[in-house]
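*Asks:* Given the coordinates of chain A, work out where chains B, C and D with the ligands should sit on it, guided by the hints.
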Amino acid sequence: MSTVDLSVKVGPLELANPVLSASGTFGYGLEFAPLTRLERFGGLVTKGLSLEPLRGNPAPRIFETRGGMLNSIGLQNIGIEAFLSDVLPGLADFPPKVVVNLFGYEREDYSTLAARVDAVEHVAAVELNVSCPNVKRGGIQFGHDPGQLEELVASVRKATSKPLIVKLSPNVTSPVALGKAARDGGADILSAINTVIGMAIDTRTRRPRLHTIKGGLSGPAIRPVAVRIVYDVAREVGLPVIGIGGAETADDVLEFMLAGASAVQIGTALFRDPMQPNRILQDLEQRLVSEGVGSVRELIGAINIE
Amino acid sequence: MSTVDLSVKVGPLELANPVLSASGTFGYGLEFAPLTRLERFGGLVTKGLSLEPLRGNPAPRIFETRGGMLNSIGLQNIGIEAFLSDVLPGLADFPPKVVVNLFGYEREDYSTLAARVDAVEHVAAVELNVSCPNVKRGGIQFGHDPGQLEELVASVRKATSKPLIVKLSPNVTSPVALGKAARDGGADILSAINTVIGMAIDTRTRRPRLHTIKGGLSGPAIRPVAVRIVYDVAREVGLPVIGIGGAETADDVLEFMLAGASAVQIGTALFRDPMQPNRILQDLEQRLVSEGVGSVRELIGAINIE
Amino acid sequence: METATHQGPPTAGFADHRAVVVAVDHHPWPYFTVTLEVPFANGEQKFANCTPGQFVMTLAEFGLEPYLRRAFSVFDIRTDANTTQIEIFGKVIGLGTEGLARLEPGKEVPLLGPLGQGFTRSASPTVKPSALIAGGIGSAALLLWARALLEQGEAFDFYYGGYAACDLALSERFEELARASGGELICATESGHRGHHGYITEPLEQALAQGRYGALYTCGPEGLMAKVAALGSQYQVPGQAALETEMGCGYGACLGCAVAHQDGRFRLCCKDGPVFALDEVVW
Amino acid sequence: METATHQGPPTAGFADHRAVVVAVDHHPWPYFTVTLEVPFANGEQKFANCTPGQFVMTLAEFGLEPYLRRAFSVFDIRTDANTTQIEIFGKVIGLGTEGLARLEPGKEVPLLGPLGQGFTRSASPTVKPSALIAGGIGSAALLLWARALLEQGEAFDFYYGGYAACDLALSERFEELARASGGELICATESGHRGHHGYITEPLEQALAQGRYGALYTCGPEGLMAKVAALGSQYQVPGQAALETEMGCGYGACLGCAVAHQDGRFRLCCKDGPVFALDEVVW
Ligand SMILES: Cc1cc2nc3c(=O)[nH]c(=O)nc-3n(C[C@H](O)[C@H](O)[C@H](O)COP(=O)(O)OP(=O)(O)OC[C@H]3O[C@@H](n4cnc5c(N)ncnc54)[C@H](O)[C@@H]3O)c2cc1C
Ligand SMILES: Cc1cc2nc3c(=O)[nH]c(=O)nc-3n(C[C@H](O)[C@H](O)[C@H](O)COP(=O)(O)OP(=O)(O)OC[C@H]3O[C@@H](n4cnc5c(N)ncnc54)[C@H](O)[C@@H]3O)c2cc1C
Ligand SMILES: Cc1cc2nc3c(=O)[nH]c(=O)nc-3n(C[C@H](O)[C@H](O)[C@H](O)COP(=O)(O)O)c2cc1C
Ligand SMILES: Cc1cc2nc3c(=O)[nH]c(=O)nc-3n(C[C@H](O)[C@H](O)[C@H](O)COP(=O)(O)O)c2cc1C
Ligand code: FES
Ligand code: FES
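Residue numbers (my numbering), protein chains in the order written: chain A, 2 to 307; chain B, 2 to 307; chain C, 20 to 302; chain D, 20 to 302.
Okay, chain A solo, but in the shape it has when bound:
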């Protein structure tokens, strides 16, 4: 048995350990059951869910770049009702906390979605995707304008008493300003970052690599950007932060936590190796033991900048 305490409290959200899956990179969770020890995760964040099912963007939807990938899935999803009736009961058998990632076109979509899950027992928290670069309308406008974001969060706040996470975009001049807006609207937790807008072209065909031309860059390539934003937001906003962006090892999880994150989501790294979170947890434990750190909570924001 481990002598290290990996449990964290992320605002009102209590997790057995700080490692979660990132939205859109883990399906609805059950896809992974044959591949990984699901029960070890601190939490699972679902693929973005909308009121109605969405078919997503035409192919090609992904393209690998140096140290990362571009995607423009376009929020294909089964819709909130199918999720609640067909998927969530299966997830309820597993210990990890289930965070539902919600997406809408209008402000009311978000509050309707949040209200819908408010009374659902196995939903541990709500994460608002206000920063997806891959859909034509909705979503992103909220994530890029502090005034609109505050209003949006305030209306969702009224609709649910679940722990409320707002996911920040890196594609803005001041992520801190957006974080403050989310806080003022009533968010409990910030998560950062969503993908960075990018693009690639096939020079032989002269066509964009993605059908939508632009898409979201994820993976280790963006980790320095994510760590910077987590650092700024954690210091300046005053809400607990979940770090996301290119994390693939225990060392990366520690890096995000030292920068100020209370927990970390693993995304693209799951594609390279679905067992990665299990390995991360094992290495994390060993690392803390060897450094004589009793609780992973001691590391949150513990960067030494003297």
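Misleading hints may appear alongside valid ones.
Said to hold, decoys possible - Within a straight-line C-alpha distance of at most 30 Å, the following computed BS3-like cross-link-like pairs (lysine-lysine) qualify:
hint, chain 1, residue 1, chain 2, residue 2
1, A, K181, B, K181
2, B, K215, A, K181
3, A, K181, A, K215
4, A, K159, A, K10
5, B, K181, A, K215
6, C, K110, C, K126
7, C, K126, D, K126
8, A, K215, A, K10
9, B, K159, B, K181
10, A, K10, B, K215
11, B, K215, B, K181
12, B, K10, B, K181
13, D, K110, D, K126
14, A, K181, A, K159
15, D, K126, C, K110
16, D, K110, C, K126
17, B, K10, B, K159
18, B, K215, A, K215
19, A, K215, B, K159
Simulated from the structure, these hints should not be mistaken for lab results.
*Replies:* Using the frame of chain A, we list chains B, C and D with the ligands on its own:
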């Protein structure tokens, strides 16, 4: 002899080919003379120059990340006078056009610098660095605020009749808005992008990897971000664009050009291999021959998005 | 309202293995085969339920690039007392295939599979033979299916097209199976160095015009498969194609591998495919 | 007004070579040596002007990571009729050194050098011997200098410190040179498994207290070199240290390798160093 025409006209700036060195990655140019066939370059962009010499930031100043590197050189440079008297005469022996990259703390610094080089024969163009993330004051504020940028560019425009390039920051919500401000101020050309603000932490020592904590991310990791910004700016601003960010092969140069760039600067890739620009030019020529493209100019903005 | 297509049961019985390279064979460049060995675990044969047309995700872990695993058809499969050998047939294109081609016996690689839905008999058995149509490396998806047809006593011709003669790598293996089934190998190269001078769909069309085939099974470049689909619809012969899309994960987690279907919906290439009916897909 | 320090003449005579690996020797892990061969070009010996303490930038090009070349001291150098052999001595730390340790004879690597400013005699010749102080892999910078001192008829003791006995890899080569010069090898390990139990600067300090040395030359972890510098200033013995910093380019183009000096200015480790006088550097 090549049957392919590599020459490009970037607004008022005429270059023998579209490959330039990026500011800060090529010293003052002469450092490379023993290593690479300098004379092959379309142009050289100098290290950022200020009115007075600058000592730069304490070490550590660089750190390698996945597919790229963070730097916080802090604009160490010999100052404009030493450059003009000690370096430029040596560069004048080489065919590539010399672009001076200028940096200041106040608006007047920029216009004084621009006025100083206005009558200097071997300066082919001026590039304004308004987006360096690595100095505490100055520079960056101009690059993040359209109003300030327009005023700055207008005052520089009055000080020089040299082709005027404004280098855009990727760390803003709308690079296009900044590009338009630069255009309205009188810029002839936009270059994009400067480095993306990032950060990394040594989890053993818990100290930031850079003395300045945050620094600028460059290299192939950021190429998708750079291509996206070049694409947007080239389509929406109406000025010629020089692409910068992670370019390392002829294919990458073509990618930037298809996205709308009239020329491309090579930065971090020079560190991995100083002969890279020579190879790029060779491959570029071969590629155009094999595709039956007579002039590289045909490729500018030739992305096929139907 | 649209139903989710990626919500069905995951591909049954796949797992992530550590496989050991037992052989790397270099055919005329850029073609190669790699044989990977997966030990039985608890007496259980790991690819026992693998069907023709299924694939694996793998990666030579020399460094950190490429970042994502690549998909490869299970080209051949052999089982002995306590190991399963999976052979993949590759063509060097970029970093992923370059890495695999540089593997040496003894190295370990991750091997996720078997994944996806393979070929199934398109039509109720008829007296007519089938045509298998491979474009270059697309042949990798068809060997097991050719063998399965042979074992079921069904005759087939094997159409093998490519740009040059070297693109018809491993043609003997296909010729042997086709002959044994009572059919033959038909080749075409655009360069004219082997077989018909032109596209492989040209001799196919002649045979279809004569009403020779009861079913078409194809894998290759998209243009080739689209042409086969068009011919199938023109001559009213059903068939299937093994598709390739960019894949992020291979098991339904990323939703990156959408394939547009005639019903207006997307299917996932990795879970609902890679084999689809020719007339289902929007070509 | 401050003068630019990185504006002096570039390191003379360096170039970017394609070198061929002729040997990779594995010493107790994590130590290894790689011997690289650079053919003469136009009858010109390529590292003829290489001085002790200079370095090269190299990279095993297995893939795209790491992206930047790594700096390595020229550990040893041998010349025959038409080739120069450069030996580097490495310790596996991360991707860069892992790659080099995995090289095999016959592979090519880029080799930029010789770079930087090497050791020079610190003091006017005295009757006193010198002390060379190496911390672990820091010894890589000192072999050529030890040989140069020997050739100039100057005696020296070689202090070799590390955590464990394995960190004193290749100590025979240093012992031989020290003995030949009339000096000796002094070892220390923190684990106590070889030589003095503790820091190597402890026996050094005892000898300095007895006034034994006329000059100190060191390379190793920063803490070790700082201690040597402090002892040098305490006992008024001049000396030099070969520094390590993160390096982007190795030849003055990136300005990434700043070393703070006592005069308030920065010097470039790659061009003005890596060898600096002990009392110049801000430790
Ligand atoms: C279900 C499935 C089964 C597959 N089976 C096989 C197989 O059995 N054998 C095999 O060799 N490959 C197979 N592939 C393709 C394989 O997964 C890789 O995409 C392909 O080998 C290229 O990978 P790479 O890393 O070498 O090249 P990359 O670095 O990914 O690509 C390099 C360049 O080639 C282009 N490119 C990518 N893929 C292809 C392609 N398929 N054809 C032409 N150009 C391409 C890219 O646009 C890029 O410009 C299969 C793919 C799928 C989805
Ligand atoms: C002038 C000069 C000469 C050098 N000579 C030699 C030599 O002869 N032999 C040799 O083995 N190395 C030498 N080095 C160091 C070498 O350049 C590399 O930095 C080092 O080998 C680590 O590279 P890596 O890619 O293996 O590890 P990286 O992936 O770069 O580093 C992995 C981890 O180790 C840490 N790290 C980086 N460098 C060091 C270090 N030097 N010591 C401890 N931890 C480190 C990093 O912070 C990182 O966390 C020299 C450096 C300089 C500047
Ligand atoms: C294929 C893919 C699909 C994604 N879908 C969603 C989504 O539905 N909702 C969301 O908030 N973020 C989505 N993301 C963003 C990730 O949750 C994460 O913020 C981002 O990928 C950065 O983390 P990573 O580098 O670890 O992948 C998606 C990312 C990828 C790669
Ligand atoms: C070490 C280093 C120093 C740089 N110094 C400058 C500078 O002085 N002025 C400037 O405008 N940009 C500077 N840059 C930014 C580059 O010119 C370029 O915009 C950026 O690195 C992206 O291109 P790359 O990925 O090809 O390196 C510097 C970049 C690096 C890596
Ligand atoms: S490849 Fe990821 S869902 Fe199909
Ligand atoms: S490493 Fe010294 S300037 Fe680049």
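*Asks:* Give a verdict on every hint.
*Replies:* A quick look at each hint next to the structure:
no. : hint            : verdict
1   : A:K181 / B:K181 : holds (29 Å)
2   : B:K215 / A:K181 : holds (21 Å)
3   : A:K181 / A:K215 : holds (28 Å)
4   : A:K159 / A:K10  : holds (23 Å)
5   : B:K181 / A:K215 : holds (21 Å)
6   : C:K110 / C:K126 : holds (20 Å)
7   : C:K126 / D:K126 : holds (19 Å)
8   : A:K215 / A:K10  : violated (36 Å)
9   : B:K159 / B:K181 : holds (18 Å)
10  : A:K10 / B:K215  : holds (28 Å)
11  : B:K215 / B:K181 : holds (28 Å)
12  : B:K10 / B:K181  : holds (21 Å)
13  : D:K110 / D:K126 : holds (20 Å)
14  : A:K181 / A:K159 : holds (18 Å)
15  : D:K126 / C:K110 : holds (23 Å)
16  : D:K110 / C:K126 : holds (23 Å)
17  : B:K10 / B:K159  : holds (23 Å)
18  : B:K215 / A:K215 : holds (27 Å)
19  : A:K215 / B:K159 : violated (37 Å)
In this structure, the earlier hints numbered 8, 19 are contradicted, and the remaining ones agree with it.
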